[in-house]
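> Residue-level listing of the chains:
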Amino acid sequence: MSTRVDTPIPVRPRRSLAQRMSPPAPGPRESPLARAGALIVMGVFTLYFLVPIWWLLVAATKNRAQFTGTNPLWFADFNLFENIAALLNYRDGVYLKWLLNSALYAGGGALIATVIAGMCGYALAKYRFPGRELLFNVVLGGVLVPATALALPLFLIFSQVSLTNTFWAVFLPSLVSPFGVYLARIYAAASVPDELIEAARLDGAGEVRTFFTVSMKLMFPALITVFLFQFVAIWNNFFLPLIMLRDEALFPVTLGLYAWNSQVNQIPEIRAYVLIGALLSIIPLIIIFLLLQRFWRNGLGAGSVK
Amino acid sequence: MQMKKRAVAVALLTAASVALTGCATTTSTGGSAAAGDCKPSTGKVNLDFTTWIPGIEDVVAVWNKENPDIQVKVQTGPNGNGGTYQNFFNQLKAGNAPDLGQIEYDALPNFRVQDGLTNLAACDGVLDAKKDFVDWTWGQVNFGEEDAVYAIPQDAGPMAMFYRSDLFKANNIEVPTTWAEFATAAVEVRKTGAYITNFSQSDINQFAGFVWQAGGSWFQNDGTDWTVDLAGDTSVKVADYWQDLIDRDLVSTNPPWTDEWNNAYNTGAAWTWNSAAWGANSIASGAPTTAGKWSVALSPQWEEGDNAAGNWGGSSTAVFKGSKHPYEASKFALWLNTSDEALTMLNKAANLYPAAKSGLELPALKEGVPFYGDQAIYDVFAEASAQVSPDFVWGPTMTQVYNDASDGFKAAVSGNGTLTEALNATQKSTIAALTAQAIPVKK
Numbered sequence: 006m007s008t009r010v011d012t013p014i015p016v017r018p019r020r021s022l023a024q025r026m027s028p029p030a031p032g033p034r035e036s037p038l039a040r041a042g043a044l045i046v047m048g049v050f051t052l053y054f055l056v057p058i059w060w061l062l063v064a065a066t067k068n069r070a071q072f073t074g075t076n077p078l079w080f081a082d083f084n085l086f087e088n089i090a091a092l093l094n095y096r097d098g099v100y101l102k103w104l105l106n107s108a109l110y111a112g113g114g115a116l117i118a119t120v121i122a123g124m125c126g127y128a129l130a131k132y133r134f135p136g137r138e139l140l141f142n143v144v145l146g147g148v149l150v151p152a153t154a155l156a157l158p159l160f161l162i163f164s165q166v167s168l169t170n171t172f173w174a175v176f177l178p179s180l181v182s183p184f185g186v187y188l189a190r191i192y193a194a195a196s197v198p199d200e201l202i203e204a205a206r207l208d209g210a211g212e213v214r215t216f217f218t219v220s221m222k223l224m225f226p227a228l229i230t231v232f233l234f235q236f237v238a239i240w241n242n243f244f245l246p247l248i249m250l251r252d253e254a255l256f257p258v259t260l261g262l263y264a265w266n267s268q269v270n271q272i273p274e275i276r277a278y279v280l281i282g283a284l285l286s287i288i289p290l291i292i293i294f295l296l297l298q299r300f301w302r303n304g305l306g307a308g309s310v311k
Numbered sequence: 011m012q013m014k015k016r017a018v019a020v021a022l023l024t025a026a027s028v029a030l031t032g033c034a035t036t037t038s039t040g041g042s043a044a045a046g047d048c049k050p051s052t053g054k055v056n057l058d059f060t061t062w063i064p065g066i067e068d069v070v071a072v073w074n075k076e077n078p079d080i081q082v083k084v085q086t087g088p089n090g091n092g093g094t095y096q097n098f099f100n101q102l103k104a105g106n107a108p109d110l111g112q113i114e115y116d117a118l119p120n121f122r123v124q125d126g127l128t129n130l131a132a133c134d135g136v137l138d139a140k141k142d143f144v145d146w147t148w149g150q151v152n153f154g155e156e157d158a159v160y161a162i163p164q165d166a167g168p169m170a171m172f173y174r175s176d177l178f179k180a181n182n183i184e185v186p187t188t189w190a191e192f193a194t195a196a197v198e199v200r201k202t203g204a205y206i207t208n209f210s211q212s213d214i215n216q217f218a219g220f221v222w223q224a225g226g227s228w229f230q231n232d233g234t235d236w237t238v239d240l241a242g243d244t245s246v247k248v249a250d251y252w253q254d255l256i257d258r259d260l261v262s263t264n265p266p267w268t269d270e271w272n273n274a275y276n277t278g279a280a281w282t283w284n285s286a287a288w289g290a291n292s293i294a295s296g297a298p299t300t301a302g303k304w305s306v307a308l309s310p311q312w313e314e315g316d317n318a319a320g321n322w323g324g325s326s327t328a329v330f331k332g333s334k335h336p337y338e339a340s341k342f343a344l345w346l347n348t349s350d351e352a353l354t355m356l357n358k359a360a361n362l363y364p365a366a367k368s369g370l371e372l373p374a375l376k377e378g379v380p381f382y383g384d385q386a387i388y389d390v391f392a393e394a395s396a397q398v399s400p401d402f403v404w405g406p407t408m409t410q411v412y413n414d415a416s417d418g419f420k421a422a423v424s425g426n427g428t429l430t431e432a433l434n435a436t437q438k439s440t441i442a443a444l445t446a447q448a449i450p451v452k453k
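Going down the list, the sequences are from chains A and B. Under the working numbering, think of the first position of the first sequence as 6, with each following residue one higher. Under the working numbering, think of the first position of the second sequence as 11, with each following residue one higher.
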């Protein structure tokens with residue numbers, strides 16, 4: 006029995022099975038120490054990311070007196086539903102309006118951006134035309150320009166056509182996704198066989214029909230990835246709406262909460278609404294991630310091994 | 011199609027940034043101060059008004075109902091320094107600024123220097139309105155020029171001292187009436203384990219209020235040139251006073267507006283707060299378990315028998331350059347900031363403390379406040395408001411001043427340098443900032 010102490014104890018059953026099947030295990034072997042270290046690092050980071058959310062959740066359940074007076078990381082009386090009701094009633098439910106706006110900007114914007122990026126990337130991958138590489142490089146350059154840097158020029162341009170402070174001021178700039186074009190091109194090149202397109206052409210399908218009925222289905226994982234990225238980017242985009250919008254009824258939820266938060270010094274009651282609003286505003290993101298994450302993993306992995 | 015758009019956008023970005031750099035150098039001080047024409051427009055007029063006061067829509071709705079020919083539309087956003095001022099400047103550049111905007115007193119010189127404000131002096135009734143406002147607030151909007159009015163004062167933040175009357179009484183400590191007594195009391199309070207107050211490292215506005223009370227002024231403008239005096243004798247006197255309290259561990263240094271800060275007041279770990287009229291609600295909300303135990307007194311004085319108060323905050327309603335209807339806009343701004351109806355609603359919705367003299371007599375501001383043991387606290391603030399000096403002048407780059415001073419103050423409270431050194435450094439960086447914007451500075 007004492008000799009068994011020296012043998013490394015396999016932690017994951019799947020690996021132990023693999024080891025038994027093929028004795029000299031290929032690939033690097035992890036020492037338990039390294040594994041424990043990795044787990045600790047991951048544990049610390051998980052805590053680091055989850056504690057603020059936990060704090061937010063706890064804070065959202067408290068009434069105002071308990072908010073400053075009780076342990077910030079544990080529950081006092083459970084007032085979550087009263088708080089939510091108060092938030093939804095505050096100023097005729099303007100918060101719901103903001104959520105809806107965010108959903109429109111992010112959902113609609115990401116959907117159209119995905120279609121455009123998909124078509125564009127597909128065209129760059131599958132058609133040969135002069136200037137193709139130049140165009141692609143310009144798009145790649147676009148990936149490098151932060152959206153924040155474009156906000157002010159966009160404001161001046163939209164001012165010229167009197168479109169500031171409208172739905173379109175935030176929606177139109179959300180329709181472009183240079184990263185999406187890049188990803189779609191790489192993915193289309195790898196996953197849509199030329200022979201298939203050729204076959205579709207021989208069967209008499211037009212280019213547009215081929216794209217929508219054949220190629221798009223093959224590119225689906227990549228498109229989901231583009232959609233998710235773009236959805237999150239628009240949902241979290243704060244600077245563009247800040248610069249473009251003045252009408253409260255057009256605000257996305259990020260800008261609305263920020264505006265409220267900036268008034269906390271003068272109107273301390275708003276603080277509770279900011280907290281609960283922040284909590285509610287992350288729920289749609291969580292839902293969309295849970296629904297789409299399996300596609301996402303496929304999409305990111307694709308093309309990494311040729 | 012998409013790439014074309016992107017390329018166009020990039021090209022425009024380059025072009026726009028060139029244009030913007032160009033704009034930055036064309037700022038001027040003084041400029042054309044002469045009041046232009048201010049005639050009524052014919053027909054129905056629509057005005058845009060950007061403000062971040064929550065609930066102001068209801069006040070404007072009252073105006074719109076009574077004035078079918080002058081319809082005002084409210085636009086909103088975060089508070090001034092949170093982005094709305096930058097938006098105003100962007101809009102002024104793009105030529106689509108609103109007719110009216112909310113601007114705090116400390117930001118008005120910036121808009122004045124950038125030539126973003128309409129001089130309303132020629133508009134009917136505006137110059138006459140001077141007598142309706144507490145004197146010093148008018149000084150904040152005319153910059154000392156006789157025939158100029160760049161905004162209508164809206165609210166004010168005269169400062170007084172909130173204090174825990176129960177704790178002072180229970181521990182037999184006299185409520186201080188001078189800053190010297192305040193320092194002595196601080197020692198007594200410290201013996202109980204608490205702090206007499208919290209020094210707010212990042213509320214430079216509050217510190218400015220202390221300097222204001224002591225008779226100092228951070229800026230002067232003689233019509234063309236600016237004088238920067240952030241580290242003058244008065245400022246240094248105030249800075250040394252607080253530095254001494256910090257060094258002797260007689261004041262706490264929690265960052266303001268945080269949970270620790272609220273908690274210090276909520277648990278009786280801090281006993282006083284020298285703050286503005288609008289702060290009454292901040293304590294009530296941040297320290298709910300102490301209800302009924304607070305009182306308000308006039309601020310401690312530098313010399314026995316003085317009657318001086320500082321001011322912290324307050325904003326005005328300005329009419330932007332480019333508004334086609336300054337006459338109607340000024341009518342609305344005067345109504346908003348002088349009529350009892352509007353002032354009562356603004357006070358109720360957003361705790362605004364009026365700048366208009368008549369506003370100080372509002373029934374709502376005469377009542378006892380339960381949180382303060384039914385003391386009629388606004389009588390104290392009305393008295394303080396009358397004691398605020400009209401001579402304090404803000405500079406054109408206050409955001410930069412606040413940032414730099416607050417960096418220095420934060421370092422000072424953690425033992426890195428002193429408040430005075432921070433003021434000296436800010437003096438230098440402010441002169442540099444003005445020079446960089448081609449604003450003439452007297453050295």
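These are computed hints drawn from the structure, not numbers from a lab. It is possible that some hints are incorrect.
Unchecked claim - Here are some, though not all, of the chain A residues that point toward chain B, as calculated from beta-carbon distances under 7 Å: (1) T73; (2) N76; (3) I272.
Values in this document were obtained by computation on a predicted structure and should not be read as measured data. Every residue gets a Cβ at the ideal spot worked out from N, C-alpha and C, and that includes glycine.
> Indicate, hint by hint, whether the structure satisfies it.
Status of each hint after checking the structure:
Interface hint at T73/A: satisfied, since its Cβ lies 4 Å from the closest Cβ of chain B, which is below the 7 Å cut-off. A least Cβ separation of about 11 Å between N76/A and chain B goes past the 7 Å threshold, and the interface hint is therefore violated. Annotation: interface hint on I272/A holds; nearest CB of chain B at approximately 6 Å, less than 7 Å.
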